[in-house]
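For the sequence shown, UniProt numbering gives the first residue as 1, with consecutive numbering after it.
None of these hints come from the bench; they were simulated from the model. Be aware that a few hints might be false.
[Said to hold, decoys possible] Computed Cβ-Cβ distance ranges for the label pairs, DEER-style:
hint : residue 1 : residue 2 : range
1    : P2        : G225      : 57 to 65 angstroms
2    : T268      : D145      : 27 to 35 angstroms
3    : D258      : E90       : 39 to 47 angstroms
Every residue gets a Cβ at the ideal spot worked out from N, C-alpha and C, and that includes glycine.
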Amino acid sequence: MPFELDLSHNGLGDSGVELLCAGLRNPNCKLQIIRLSGCQVTERGCASLASALSSNPSHLRDLELSYNHPGESGVRALSATLEDPSCRLEKLNVDHGGENRLKPGLRKYACQLTLDPNTAHKELILSEGNRKVTRSEGKEEPYPDHPERFDFCPQVLCREGLTGRCYWEVEWTRGDHYFERTAIGVAYQGICRKGSVFSVDSLGRSNKSWILELDTIVCYPWHNGKWRPVCVPSSRSCRVGVYLDWPAGILSFYGISDTLTHLHTFHTTFTEPVYPAFRVTPDSSVSLCMLG
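Using the sequences plus the hints, can you model the full thing?
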């Protein structure tokens, strides 16, 4: 087995990388794989890594730096080590970089989402640049017929199909209807859109969607028709964070106030892109939050 060090998904930053590089410069270092995905590394940290690899070619063969902010100069410096015959580095991953990767916590994975009007049930009203959905029961919008439109359940999907690590937040308001619950989650594109029975195309009732039904005291995770109640803190606000790690098969929900409160995590194997999905109760709304 290769010697591997995985420090992914933390606030290591450039200063932590510089300490790590001191060890890499040691001729006795046997590390072959280093994973620093989502560690808030900038071009400064990349320069330190490139210098360490050049000064001591070491045994390192695989360097994982996705979801950081290496900048053009950082990418150039590290890419040069791939061409250096004295270095053993064979694999370098700097994908999904950008300045937003320097944000703390899950917000480093923030993504921009928009609701897809072609999927919206006719009782749903989209506004604020297709970032807010409101339901007015019994009043239909003059949407044209579309094969992707939900025609029975009051649901809508986002345009964006997701396959990486992504995070988004929503705010929801509760209507006066006590027999339905607002739901947020993700679904495959192939989820049933047409039907005359609530269970046919309702989010969470098939193996094509994973959702959390929201309420003030308990919430209900649903997948493939199976559910269970989960108690939530009494201080929970009406703001929920959703974290998707598609490659790892993780979908997590968090109540957001001053801190993140874990509500539920699905563990699965995703086989195709997933689309953020929402079901809305009468006289209520769901808004996609701007995370900057």
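Next on the checklist: Hint by hint, where does the structure go against what was stated? Just the numbers, ascending.
Outcome noted: 1
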